[in-house]
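Let the sequences and hints guide you as you build the complete structure.
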Amino acid sequence: DGGITQSPKYLFRKEGQNVTLSCEQNLNHDAMYWYRQDPGQGLRLIYYSQIVNDFQKGDIAEGYSVSREKKESFPLTVTSAQKNPTAFYLCATEPGHGLIYEQYFGPGTRLTVT
Amino acid sequence: QQQVKQSPQSLIVQKGGISIINCAYENTAFDYFPWYQQFPGKGPALLIAIRPDVSEKKEGRFTISFNKSAKQFSLHIMDSQPGDSATYFCAAGVTSGSRLTFGEGTQLTVNP
Chain U
682 DGGITQSPKY LFRKEGQNVT LSCEQNLNHD AMYWYRQDPG QGLRLIYYSQ
732 IVNDFQKGDI AEGYSVSREK KESFPLTVTS AQKNPTAFYL CATEPGHGLI
782 YEQYFGPGTR LTVT
Chain F
67 QQQVKQSPQS LIVQKGGISI INCAYENTAF DYFPWYQQFP GKGPALLIAI
117 RPDVSEKKEG RFTISFNKSA KQFSLHIMDS QPGDSATYFC AAGVTSGSRL
167 TFGEGTQLTV NP
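As given, the protein sequences belong to chains U and F, one line each in that order.
Per the working numbering, the first sequence starts with residue 682, numbered consecutively.
Per the working numbering, the second sequence starts with residue 67, numbered consecutively.
Keep in mind that the hints were calculated from the coordinates and are not lab data.
Treat the hints with care, as some may be off.
Stated by the list, open to error - So these bits of chain F aren't anywhere near chain U, every CB distance computed over 12 Å: (1) GLN75; (2) SER76; (3) GLU92; (4) LEU112; (5) PHE128; (6) ASN133; (7) SER135; (8) LYS137; (9) THR153; (10) THR172; (11) GLN173.
Stated by the list, open to error - Short, incomplete list of chain F residues facing chain U, as computed with Cβ under 10 Å: (12) PRO110; (13) LYS134; (14) GLN138.
Using N, Cα and C, we set each Cβ at its ideal position, and we do this for glycine too.
This is the structure in structure tokens:
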């Protein structure tokens, strides 16, 4: 897991509530990513950010929002518009220095919405 | 065209055997092919990666074989051990781009 912190490890929310998942890194990496993992579906990209104050939608951005105000932090908000929010959420970082392409993953947050 | 197809979905191997996981891609622009290993409740970790200028890369018991013309690559785990039991993901990306596309994952179980 290295220098990537995701908190909390388990999160429970009632349907209709927004919830924010934290991702902090001390690796000085430029790029940060949010993935959603569901059984049998691999890792699906929600949002990513290559530099501070800039981010792009991934494949399944609907119902989610992000911000990148600091290099170290990339919080993900799961809004009430996300129809099926229960999943394992993974944050990843990447150095962003040209040919270096290794993504480092955090330990994940398991979100359960009832 | 961005998809990466991975098979099998699950694999059971006896200790000491060879585990083989396959992936296929469509986008010919992909030039970076990593494999990730994930243990239950943990984030994935990079296991080994290859670029298309070589057809094979070996690191310990783990080998990637790459077939550019067939647009396929595979992970071979030699002398599989119970500690290798995990979910394995292949992925593909473009070096000049900013994202990886992941396969669906393979759950490997190595029986003692």
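Taking the hints in turn, this is what the structure says about them:
1. GLN75: Given a closest Cβ separation of 7 Å, the condition is violated.
2. SER76: At about 10 Å from chain U, SER76 (chain F) fails to clear the 12 Å cut-off, so the statement is violated.
3. GLU92: Non-interface label stands for GLU92 (chain F): nearest chain U Cβ at 15 Å, farther than 12 Å.
4. LEU112: Given a closest Cβ separation of 5 Å, the condition is violated.
5. PHE128: holds (16 Å)
6. ASN133: holds (21 Å)
7. SER135: Holds, since 23 Å exceeds 12 Å.
8. LYS137: The assertion about LYS137 (chain F) holds, with a minimum of 18 Å to chain U.
9. THR153: violated (9 Å)
10. THR172: violated (10 Å)
11. GLN173: Per Cβ check, GLN173 (chain F) is inside 12 Å of chain U; nearest 9 Å; violated.
12. PRO110: With Cβ-Cβ at 5 Å, under 10 Å, it holds.
13. LYS134: violated (18 Å)
14. GLN138: violated (17 Å)
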